[in-house]
Each structure stands twice: as structure tokens, then as C-alpha cells.
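Once you know that position 116 of the sequence shown is 116 in UniProt numbering, the rest is easy, because the numbers rise by one and skip nothing.
If you're looking for bench data, these hints aren't it; they were derived computationally from the structure. As the structure is a prediction and not an experimental result, all values here were calculated from the model. The C-beta atom is built at its ideal place from N, Cα and C for all residues, glycine as well. One or more hints might be untrue.
[Claimed, not checked] No farther apart than 27 Å at their CA atoms in a straight line, the calculated lysine-lysine pairs in the DSS-like style are these:
1) LYS119 / LYS48
2) LYS159 / LYS74
3) LYS159 / LYS88
4) LYS119 / LYS65
5) LYS88 / LYS45
6) LYS149 / LYS71
7) LYS65 / LYS110
8) LYS153 / LYS85
9) LYS74 / LYS48
10) LYS88 / LYS74
11) LYS65 / LYS159
12) LYS114 / LYS24
13) LYS65 / LYS85
14) LYS88 / LYS24
15) LYS74 / LYS110
16) LYS114 / LYS65
17) LYS153 / LYS88
18) LYS85 / LYS48
19) LYS24 / LYS153
20) LYS85 / LYS24
21) LYS149 / LYS119
22) LYS149 / LYS114
23) LYS24 / LYS45
24) LYS85 / LYS149
25) LYS74 / LYS153
26) LYS48 / LYS24
27) LYS74 / LYS45
28) LYS159 / LYS85
29) LYS149 / LYS159
30) LYS88 / LYS48
31) LYS48 / LYS149
32) LYS74 / LYS85
[As the list claims (entries may be wrong)] Derived DEER-like restraints, expressed as beta-carbon distance ranges:
33) ILE161 / GLN50: 29 to 35 Å
34) LYS74 / GLN52: 17 to 23 Å
35) MET99 / GLU60: 18 to 24 Å
36) ILE182 / GLU27: 45 to 51 Å
37) GLN272 / ILE161: 31 to 37 Å
38) ALA75 / GLU27: 27 to 33 Å
39) ASN148 / ASN46: 20 to 26 Å
40) VAL91 / LEU191: 44 to 50 Å
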Amino acid sequence: MHRNEQLYNFLVGNSPQMTEDWYKLVEGIEEEDSVYSTNDPEVIKNLKEQNQDYFLHLHELFINKEEDFFKQFKAWSEELARDQKHLKTPVHFVVREFMNSEQIYINYLKSFFKNNSDKVDIDQFLSWNDLIRRVVNLSIYIYIEEANKNTLKQLTAQKEIINELSSPVILLRNNIALLPLIGDIDTARALIILENTLAQCAELRIEDLCIDLSGVAIIDTMVAHEIFHLIQALNLIGVRSTLCGIRPEIAQTAIQLGLRFDDIRTTATLSQALEMILNN
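Please model the entire structure based on the sequences and the hints provided.
Given below as C-alpha cells:
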């Protein structure tokens, strides 16, 4: 049986000192981008309050049913793991502090066991240790999972921004514009290019668009089809398209792949494309 009200009262009574013991391990640490290396009194106060809250939730293990405890603790830990200051701190620093908290906690379990060895046997003490390690491991898992979600969310947002910035329609003169394409084009980016280009051409009332491929390193069947789709969609809204800047190695690859640009206006350079547009 893991529940023990005397142990619970002992831990609750020592909670403030447990937090101070934990912070002694943190104080003076100098780490870049770590919330624990702060000298801000308000941040330090908040860190101690969070640690104290963490310990108080751990104490509940010794007065509640194990199943009920883990259900409640998991929900609370998921909310704690979303704390932005900790999410901005490198994961290994946060994991280290979970492990430091675990060691502090076990030290107090040892103290209680030594003072109550006549009432608590070694098997009970070891079972408490195992339970605390399980709880802390759960905390670490939940935090890492939340940190991973946060990282993926940031990467997705950054990728969307990069994709939007990498497919701008640039107004050159009158109703003529340029779409410079740079880098690899996958299905997701091709969709963004299609949507952004159509929207910008409609907004700027573009009549002729030069699609510059000089910055595209690789072209395959998929990329070619996406370019064809873009040109067809532009044609539907009244925009004439001209491909320019196809590099020799790209042209050679296109021939090897059997890709045909017979029905599309192409020029070697942007200046030639502009001259063709102005003379038509």
C-alpha cells in the first residue's frame, strides 16, 4: 500500500525547504537561453512557485488512490508543460531540473524512512521510490511531447512564412510582373505558390507574368506539372505567362524526362521575356 498520511504530512511540512534545496542546485547557473540562469527576482519567484506546486502535486500520491492520482497529475502536467518560458529553454536543461527535483524528493523520503524505520519497512520505502520515479518520468515524457509539438508548430509557421516570401509577385511596369521561383518545389509549396500567385495577380491586375526559373535547381515531372497547372490557372483569369531563365541542365533533364513546353512561351533571360511581352 503506497498511501501513508504521516509521510504526506511530513512532505507537506517540508515543501518550502525542498524547493529551497532544489533552487540551490540551480542558483548561479549560467546557460544561454535557459530560464534557470535568470537574475530577475520575479522570474526566480515564479520558478520557485512552480517547483513548490510540483512538489505539492507529488505529495498527493501518498493520500490518493494511484489511479486517481495519475489521472489528475497527467492533466495538471500537460498544462504546466505549456509554460512558454520553459518551452523556450533547451529541453535538456528542463529534463535536468526534473531529475534534480526527483533527487531532492527521494532525499526527503530517505529522511522520513530513517526517522520511522520502526514503522516503515525497506520494501515500502523502495516502492515509494519506484512510484516517484514513475511520476517524474511521466512529467519528463509529457514535457518532451509538448516541447516537440511546440517545435513542430514553430517549424510549420516558419515554413509557411518562407514559402510565402519565396513566391512574391513583383510588379515591374504597367500590368507586367515577375514571379521569381527559388529552391526546391514540393507539392505543399507548389500549392502555396499557386494560391499566392493567383491572388496577387488578381489584386495587381496583372496581364503578363514572367515566371523566372533561374533559381530552381531541380525540375522533375511533378514540378513541371505544377508549373503547367499554374500557367493554366493564370490563363483562366486572363494572365499570359512566359517562362524564362531555364538553366541548361534543367532543360537537359526536362528533355530526358520527356517534358514538353511546346505550348508555353519561353525565353532564356528575363530581359528577353520583357522584350517579347512589350513587342506583342
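How the hints compare with the structure:
1. With a C-alpha separation of about 33 Å, the suggested pairing of LYS119 with LYS48 is violated against the 27 Å cut-off.
2. In summary, the hint linking LYS159 to LYS74 is not supported, as the alpha carbons are separated by about 32 Å, beyond the 27 Å threshold.
3. Restraint check: the Cα-Cα separation between LYS159 and LYS88 comes to about 19 Å, which is no more than 27 Å; the hinted pair holds.
4. Only pairs whose Cα atoms come within 27 Å are accepted, and LYS119 paired with LYS65 is accepted, the gap being roughly 21 Å.
5. Restraint check: the Cα-Cα separation between LYS88 and LYS45 comes to about 18 Å, which is no more than 27 Å; the hinted pair holds.
6. Distance restraint check for LYS149 and LYS71: the Cα-Cα separation of roughly 21 Å lies within the 27 Å cut-off, and the hinted pair is therefore satisfied.
7. For the suggested pair LYS65 and LYS110, the alpha carbons sit about 22 Å apart, so the restraint of at most 27 Å is met.
8. Distance hint between LYS153 and LYS85 is fulfilled; the C-alpha atoms sit about 16 Å from each other, no more than 27 Å.
9. Under the criterion of a C-alpha separation no larger than 27 Å, the hint pairing LYS74 with LYS48 is consistent with the structure, at around 21 Å.
10. Restraint check for LYS88 and LYS74: satisfied, since their Cα atoms lie roughly 21 Å apart, inside the 27 Å limit.
11. Distance restraint check for LYS65 and LYS159: the Cα-Cα separation of roughly 46 Å exceeds the 27 Å cut-off, and the hinted pair is therefore not satisfied.
12. A C-alpha spacing of about 24 Å is found between LYS114 and LYS24, which places the hinted pair at or below 27 Å, so the restraint holds.
13. Taking the CA atoms of LYS65 and LYS85, the gap is about 32 Å. The hint is violated against a cut of 27 Å.
14. At roughly 22 Å between alpha-carbon atoms, LYS88 and LYS24 fall within 27 Å of each other, so this suggested pair holds.
15. For the proposed pair LYS74 and LYS110, the alpha carbon gap of about 26 Å is at most 27 Å, so the pair holds.
16. For a cut-off of 27 Å, the pair hint linking LYS114 to LYS65 stands: about 25 Å separates their Cα positions.
17. In summary, the hint linking LYS153 to LYS88 is supported, as the alpha carbons are separated by about 13 Å, within the 27 Å threshold.
18. Of the supplied pair hints, the one linking LYS85 and LYS48 holds, its CA atoms being roughly 14 Å apart against a limit of 27 Å.
19. At roughly 34 Å between alpha-carbon atoms, LYS24 and LYS153 are farther apart than 27 Å, so this suggested pair is violated.
20. In summary, the hint linking LYS85 to LYS24 is supported, as the alpha carbons are separated by about 20 Å, within the 27 Å threshold.
21. Annotation: proposed proximity of LYS149 to LYS119 is violated, straight-line Cα distance about 46 Å (limit 27 Å).
22. Between LYS149 and LYS114, the direct Cα distance comes to roughly 43 Å. Violation of the 27 Å bound is thereby established for this hinted pair.
23. The straight-line distance between the Cα atoms of LYS24 and LYS45 is roughly 14 Å, inside the 27 Å bound, and the hint therefore holds.
24. Of the pairs offered as hints, the one joining LYS85 and LYS149 holds, with about 15 Å between alpha carbons and a cut-off of 27 Å not exceeded.
25. The suggested pairing of LYS74 with LYS153 holds, with an alpha-carbon distance near 22 Å, which does not exceed 27 Å.
26. Under the criterion of a C-alpha separation no larger than 27 Å, the hint pairing LYS48 with LYS24 is consistent with the structure, at around 11 Å.
27. For a cut-off of 27 Å, the pair hint linking LYS74 to LYS45 stands: about 24 Å separates their Cα positions.
28. This hinted pair checks out: LYS159 and LYS85 have alpha carbons roughly 23 Å apart, not beyond 27 Å.
29. Pair hint LYS149 plus LYS159 holds up; C-alpha atoms about 15 Å apart against a cutoff of 27 Å.
30. In summary, the hint linking LYS88 to LYS48 is supported, as the alpha carbons are separated by about 18 Å, within the 27 Å threshold.
31. For the proposed pair LYS48 and LYS149, the alpha carbon gap of about 26 Å is at most 27 Å, so the pair holds.
32. Using a Cα cut-off of 27 Å, the hinted pair LYS74 and LYS85 holds, with the two alpha carbons roughly 20 Å apart.
33. Under the hint 29 to 35 Å, the C-beta atoms of ILE161 and GLN50, about 32 Å apart, fit the expected range.
34. Taken as a hint, the range 17 to 23 Å holds for the pair LYS74 and GLN52, whose Cβ atoms sit roughly 20 Å apart.
35. Judged by the Cβ atoms, the range 18 to 24 Å given for MET99 and GLU60 holds: they are separated by roughly 21 Å.
36. Between ILE182 and GLU27 the beta carbons are some 49 Å apart, a value that agrees with the proposed interval 45 to 51 Å.
37. Look at GLN272 against ILE161: about 33 Å separates their beta carbons, and that is inside 31 to 37 Å.
38. Distance hint check for ALA75 and GLU27: the Cβ-Cβ separation is about 31 Å, which falls inside the suggested range of 27 to 33 Å.
39. For the pair ASN148 and ASN46, the beta carbons lie near 24 Å from each other, so the given range of 20 to 26 Å is met.
40. Separated by about 32 Å at the C-beta atoms, VAL91 and LEU191 break the suggested range of 44 to 50 Å.
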